[in-house]
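S.K.: Sequence:
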Amino acid sequence: MYRGVPQIEVSFEVDANGILHVQAQDKALKKFEKITITNDKGRLSGEIDRMVAEAEEFAVEDKKNKERIESRNSLENYVYSMKNQINDKDKLAEQLKSNEKEKVEMTLKEALEWMDDSQSAEKEEYDEKLKEVQDVCHRVVAEVYLRDAANASAETKADDH
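Note that my numbering numbers the sequence shown so that position 114 is 114, with each residue one more than the last.
Treat each hint with caution, since some may be false.
Listed below are the simulated DMTMM-like cross-link pairs for lysine to aspartate or glutamate, each with C-alpha atoms no more than 20 Å apart in a straight line [claimed, not checked]:
| hint | residue 1 | residue 2 |
| --- | --- | --- |
| 1 | Lys-109 | Asp-135 |
| 2 | Lys-101 | Glu-76 |
| 3 | Lys-66 | Glu-125 |
| 4 | Lys-101 | Glu-132 |
| 5 | Lys-109 | Glu-125 |
| 6 | Lys-123 | Glu-67 |
| 7 | Lys-131 | Glu-76 |
| 8 | Lys-109 | Glu-128 |
| 9 | Lys-34 | Glu-13 |
| 10 | Lys-101 | Asp-90 |
| 11 | Lys-64 | Glu-9 |
| 12 | Lys-103 | Glu-67 |
| 13 | Lys-66 | Glu-124 |
| 14 | Lys-103 | Glu-128 |
| 15 | Lys-27 | Glu-70 |
| 16 | Lys-66 | Glu-128 |
| 17 | Lys-83 | Asp-116 |
| 18 | Lys-101 | Glu-122 |
| 19 | Lys-27 | Asp-62 |
| 20 | Lys-63 | Glu-9 |
| 21 | Lys-97 | Glu-143 |
| 22 | Lys-64 | Glu-76 |
| 23 | Lys-123 | Glu-143 |
Everything labelled a hint here was simulated from the structure, so no lab data went into it. This one's a predicted model, so the numbers in the text were calculated from it and none came from an experiment.
Starting from the given sequences, assemble the full structure and let the hints guide the process.
M.R.: See the structure below:
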C-alpha cells in the first residue's frame with residue numbers, strides 16, 4: 001500500500017440462519033461500519049456461499065499484503081531511525097568517523113532508492129533488505145562502541161597515574 005491509501009479491514013460472517021454480517025473498519029480513522037444481509041432481502045444461499053468463498057479467498061491475500069506492508073514499514077522505519085541517529089549530536093553524529101558516516105549514509109540512501117524502485121517487492125525481499133542494512137549499521141555502531149570503550153579505559157588508566 002502507498003501512503004495516503006486507506007487501510008480498511010473487512011470481515012464477513014454467515015450465521016446458522018444464512019444471514020451475512022459484514023463489518024469494515026478504517027484503521028487510520030478508527031471508523032467502523034457494518035451491514036447485515038438477510039435472506040428476506042432476496043439473497044440466495046448460493047450467492048451467499050459464493051460471497052463467503054470470495055471473502056475467504058481474499059482473506060489469505062489480505063494477510064499476505066498486510067505482512068508485506070509491515071515488512072516494508074519496518075525497513076523504512078529502521079532507515080529513518082538510523083538517519084536520525086547519525087545526524088543527532090546527542091547520539092552517533094559526534095562519534096562517527098567520516099568514513100563510517102559515509103558508509104552508513106550510502107547504505108541508507110541505497111535502501112531508500114531500492115524501496116522506491118521495488119514498490120511491489122515481496123515480504124521476504126523487504127526482510128532481506130532490512131537485514132542487509134542492519135548488518136552494515138550494526139558493524140559500524142559496534143566499532144564506535146568498541147572505540148569509546150577503549151578510550152574510556154585509556155582515560156581511566158591515565159587518571160590512575
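S.K.: State for each hint whether it applies.
M.R.: Outcome of the hint check:
no.: 1; hint: Lys-109 to Asp-135; verdict: holds, 15 Å
no.: 2; hint: Lys-101 to Glu-76; verdict: holds, 19 Å
no.: 3; hint: Lys-66 to Glu-125; verdict: holds, 14 Å
no.: 4; hint: Lys-101 to Glu-132; verdict: holds, 17 Å
no.: 5; hint: Lys-109 to Glu-125; verdict: holds, 17 Å
no.: 6; hint: Lys-123 to Glu-67; verdict: holds, 6 Å
no.: 7; hint: Lys-131 to Glu-76; verdict: holds, 12 Å
no.: 8; hint: Lys-109 to Glu-128; verdict: holds, 16 Å
no.: 9; hint: Lys-34 to Glu-13; verdict: holds, 11 Å
no.: 10; hint: Lys-101 to Asp-90; verdict: holds, 15 Å
no.: 11; hint: Lys-64 to Glu-9; verdict: holds, 13 Å
no.: 12; hint: Lys-103 to Glu-67; verdict: violated, 30 Å
no.: 13; hint: Lys-66 to Glu-124; verdict: holds, 13 Å
no.: 14; hint: Lys-103 to Glu-128; verdict: holds, 19 Å
no.: 15; hint: Lys-27 to Glu-70; verdict: holds, 14 Å
no.: 16; hint: Lys-66 to Glu-128; verdict: holds, 17 Å
no.: 17; hint: Lys-83 to Asp-116; verdict: holds, 17 Å
no.: 18; hint: Lys-101 to Glu-122; verdict: violated, 30 Å
no.: 19; hint: Lys-27 to Asp-62; verdict: holds, 14 Å
no.: 20; hint: Lys-63 to Glu-9; verdict: holds, 10 Å
no.: 21; hint: Lys-97 to Glu-143; verdict: holds, 10 Å
no.: 22; hint: Lys-64 to Glu-76; verdict: holds, 18 Å
no.: 23; hint: Lys-123 to Glu-143; verdict: violated, 30 Å
Of the numbered hints given earlier, the model fails hints 12, 18, 23; all others are met.
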